[in-house]
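Listed below are the residues making up each chain.
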Amino acid sequence: MTAVTERQQLAYIANQAADMRVNVELETEGMTLNIGPQHPATHGTLRIIVKLDGEQVVAADPVPGYMHRGYEKLAEVRTYPQVTTLVNRIDWLGSFANEVPFILAAERLMEVEAPPRAQWIRTILFELSRIGNIALFLGDMAVQLGAVTPVFYAFRDREYVLNQIEAITGGRFHPNFDRIGGLKDDIPKGWVAETKGVLTKMRAFCDELDELLVGNEIFTARTRGVGVIPPEVGLSYGLSGANLRASGIDWDHRRDSPCGLVYDKLDWKVWTHPDGDSFARYWVRLQETREAILMLEQLLDGIPSGPIMAKVPRIIKVPAGEAYVATENPLGEMGYYVVSKGDLVPFRVKIRSASFNNISIVPWVLRGVYVPDVITILASLYFILGDIDR
Amino acid sequence: MITQLAVELAYWQQSILRSVGVIAAVLLPAGTIVYLFLFKMMSFMQSRLGPNEAGPYGSMQLLAEVGKFLQKEDLIPDGADRRVFTWAPIVVVASTFVTYVVVPFGPDAWFAQIPTGIYFALAVSSLSVIGVLMAGWSSANKYSLMGGLRAAGQLIAYELPLVLAALGVVIQAGTMDMQGIVAAQRTGEIFGFGGIGNPFILTQFVGFMIFLIAMQAELTQPPFDMPVAESELVAGYMTEYSGFRFLLFFIGEYATAGAFSAIAATLFLGGWALPGLDLDNNLMNVLGPVVLLVKILLIMFLVMWFRVTYPRFREDQLQIFAWKYLIPLSLVNITATAVLKVVF
Chain A
1 MTAVTERQQL AYIANQAADM RVNVELETEG MTLNIGPQHP ATHGTLRIIV KLDGEQVVAA
61 DPVPGYMHRG YEKLAEVRTY PQVTTLVNRI DWLGSFANEV PFILAAERLM EVEAPPRAQW
121 IRTILFELSR IGNIALFLGD MAVQLGAVTP VFYAFRDREY VLNQIEAITG GRFHPNFDRI
181 GGLKDDIPKG WVAETKGVLT KMRAFCDELD ELLVGNEIFT ARTRGVGVIP PEVGLSYGLS
241 GANLRASGID WDHRRDSPCG LVYDKLDWKV WTHPDGDSFA RYWVRLQETR EAILMLEQLL
301 DGIPSGPIMA KVPRIIKVPA GEAYVATENP LGEMGYYVVS KGDLVPFRVK IRSASFNNIS
361 IVPWVLRGVY VPDVITILAS LYFILGDIDR
Chain B
391 MITQLAVELA YWQQSILRSV GVIAAVLLPA GTIVYLFLFK MMSFMQSRLG PNEAGPYGSM
451 QLLAEVGKFL QKEDLIPDGA DRRVFTWAPI VVVASTFVTY VVVPFGPDAW FAQIPTGIYF
511 ALAVSSLSVI GVLMAGWSSA NKYSLMGGLR AAGQLIAYEL PLVLAALGVV IQAGTMDMQG
571 IVAAQRTGEI FGFGGIGNPF ILTQFVGFMI FLIAMQAELT QPPFDMPVAE SELVAGYMTE
631 YSGFRFLLFF IGEYATAGAF SAIAATLFLG GWALPGLDLD NNLMNVLGPV VLLVKILLIM
691 FLVMWFRVTY PRFREDQLQI FAWKYLIPLS LVNITATAVL KVVF
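So the protein lines, in turn, are chains A and B.
First residue of the first sequence: 1, per my numbering; consecutive thereafter.
First residue of the second sequence: 391, per my numbering; consecutive thereafter.
Just to be clear, a hint being listed does not mean it is correct.
[To be verified] Pairwise CB distance ranges (calculated):
(1) A:R7 - B:I413: 54 to 60 Å
(2) B:A513 - A:G248: 42 to 48 Å
(3) A:G248 - B:P446: 53 to 59 Å
(4) A:L294 - B:D471: 55 to 61 Å
(5) B:G445 - A:S305: 56 to 62 Å
(6) A:D210 - B:N672: 55 to 61 Å
[To be verified] Example chain A residues on the side facing chain B (calculated, C-beta under 10 Å, incomplete):
(7) P40
(8) D61
(9) I218
Note that these hints are calculated values from the structure, not bench results.
The model shown is predicted, which means the values in this text are computed figures rather than measured ones.
The C-beta atom is built at its ideal place from N, Cα and C for all residues, glycine as well.
Generate the whole structure from the sequences, applying the supplied hints.
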C-alpha cells in the first residue's frame, strides 16, 4: 500500500531539495503538464498546471475560470423570481438544490415562511436532486479509475430520479420550481407511489455499486490512503460537505441549521469516516445516498396537507437588509449572501458554492502524488465545473 | 496446406496465397472480436443496446467504422518526427501478422512450421513495444510520451510471466513446436483416461491463469490499461493519431488480442484438435480453423469480461503485481511441472 501522507509528502520535497543541492550537474529538468482545460478527467474546463518529476507531482496549480458566467453580476439585474432560473445552472446535476438557499434568503428578508406542505415538498425535491447528483459521482469515480461499466448504471438509474423530478416540476435538469413563499405547483396524482418504486431501484443501484466497487481489491488499492486530507487541513481550506465528513468532521447543515427545510422532523444520521482518503470520500457519499433514500421514504409518508403558497404580493419587493442562508447541497455547503436595498432586484448577491472551496485544497493534496492519483483525487473531491465558475 | 494441393504452384503463387491467408487469419478473428465483444457483449453488460442500425443487429457497423476512419483527415503534428510517426502503426500491425505465422489451424493448415514455434511467437509479439515507443516518442505530446513509456515498462514486465507460463506447457509437451503441442494435448492422457486427451488447461491451470493475466496486460486491456488510460492520458501513445493510422493501431490492438488468444488456445485448450477426430483426419483442415476460432472467442470472452468489470491498476501496483506475484508464481509452476514430469 502506498499511502502518501503529509509526512511523506514533506519528506519527498525535502529529498528533492537535497538532491538538487548534491547533484547540480545531474539536475534533471521537470516536466510541466497541462491537465485541461480540455481533458477527459476534468469533466468540464478546469485547468490544472502540474509540475512533474517523472510521474510524481512536485506542484499543482488549478486555474479555474474558463467557464465563468458572471452569475453574481447577472443576478443584480434580475428580479428575485428570475434569479432562480440563473442559479439552476450553477451545479447542473442537482439544480433544484441551488434554488433553495437563495429563496430561503429572500424569504428571510421578506419575513415570509412557506407553508408546511411546501417545505416538505421542497425537502423531497432537495433530496431527490442529491440522489441524482451523487449517483453520477458514484459512477464517474469508477470511470476515472478505469472501470467504464458503473457509469452506465449510474446514468441509467439517475434517469428514474430525473423522471420523478420532471413529473413534478416539468424540467429534468433545470426545474426552476421554487418560489418565494412556497412552490410553483403541487405534486401530481400518483407521484408518491411512483417515487417509492424509484427509491427501491436506487437502493438496488447503491447495493450494486457497493458490490462492484467498494468490495473490489483494485478499487480499494487505488483509493485507500490516496489523497489523505487531515481534518484540520480540510477545515483550514474551507472544505464542506462529504469531503469534510470523510475526514471525520461531523458537520452537516441539514442537521445543524435546518432553516426552512424539515430535516429536524426526520430520523436520520450523518455519516462520517475517520480516514480522510479518496476511499472515505467515496464511501461517505455512498452512505449519504442510502441515507437520502431513507429520508425520502419518511418524507413521502408524511407530506402534510394544506396550501402550497404563502401569501406573497404579486410584485415581489424585498425590504432592505442582508441575509446569508446556507444549505447542505450535494457538493457541500452552498450559501447566498443577499443584500437588498428594497428594490425589485437584489443589490448584491454573493454565491458561496461548494466546489470552488473544495478545489482550493488541490495544490496541497496533490503534492508528491503520482499522476494516476491526481485523477483519483480530483474525482474523489467531486467538483462540478459550473459550481466552480459561477 | 499449399504443398498438399494436387497442382504444383510456383513460389510467388504460394507467397500470394499465403499472404491472403494470413490477412484473412488476422482480420477475421479481429473483426469477430470487435463486433461480438467490443460492440455487443460490452453493450449488454453496460445495459445499453450497442450498434443496431447498420445491418442486422448492427453487424455492418465495422464497415461503417472503417469508412469513417478512412474519411478522417490524416493529421501529423508540427513537432512530430514525421518518419517515425508514420512508421509506428505499421510496426505494431506487422508484429501481429508475424505472430500469426506460426499458429497452426489444422494438420496441414499452417503458414510456417518452425521447430521452435512458441519461442518465435512470443519473441515477435513483443516487437510491438517498439512501435508503441516510436508512437509515444515521435508524437511530440507529453501525454503520448508518458503513455509510450508506461506501455514499454508494462509490456516488458508482463512479457516475463507470459513466457514463463508458456514454459510450463513446453516442459509438459516436451516440444516447442506448436503443432507438437497440439498433438501432445490430443494424444495425452489424464491418469490413463484419454477420452478428451489432455488439454493443458487441466494440468497447467496455474500457468493458464498467469498466461491470461499477462496476456491481458500485454494487450493493455483494463485493468492493465495504464498506457492508454483515457481518464488521465487522453489516449496514451495514440493521442495524436487520427484517420487511417489510428485505424491501424485499432486493428493492431484487436488483431494482437486474436493472436494471443490463438496462442493461448493452442497452448492450453488443445488448439485446432477436436476430441472425437483423429489428428491426421483431412476433415480437420476445414474444421480446425473453426474449432480454433471458437476457442479464441472463448478466451477473448474472459478477457473482455475482465475488461468491462475492473478498474485499472496504478503503474506501481501493476509492476508490483508482475514482479512480486506473477513471476515467482510462474517459477514455482515451472519447478513443480518439471519435478512432476520426472516423477511420472
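Each hint, compared with the structure:
Roughly 58 Å separates the CB atoms of A:R7 and B:I413, a value that falls within the hinted 54 to 60 Å. Distance hint check for B:A513 and A:G248: the Cβ-Cβ separation is about 54 Å, which falls outside the suggested range of 42 to 48 Å. Checked against the hint of 53 to 59 Å, the C-beta distance between A:G248 and B:P446 comes to roughly 57 Å, which is consistent with it. Restraint check, A:L294 to B:D471: a C-beta distance of roughly 60 Å satisfies the suggested window 55 to 61 Å.
As the Cβ distance of B:G445 to A:S305 is approximately 57 Å, the hint placing it in 56 to 62 Å holds. Checked against the hint of 55 to 61 Å, the C-beta distance between A:D210 and B:N672 comes to roughly 56 Å, which is consistent with it. The closest approach between the C-beta of A:P40 and any C-beta of chain B is roughly 5 Å, which is under the 10 Å cut-off, so the hint is satisfied. The interface hint given for A:D61 is broken, as the beta carbon of that residue sits about 16 Å from the closest beta carbon of chain B, more than 10 Å.
Annotation: A:I218 was flagged as interfacial toward chain B, and the flag holds, the nearest CB pair being 5 Å apart, inside 10 Å.
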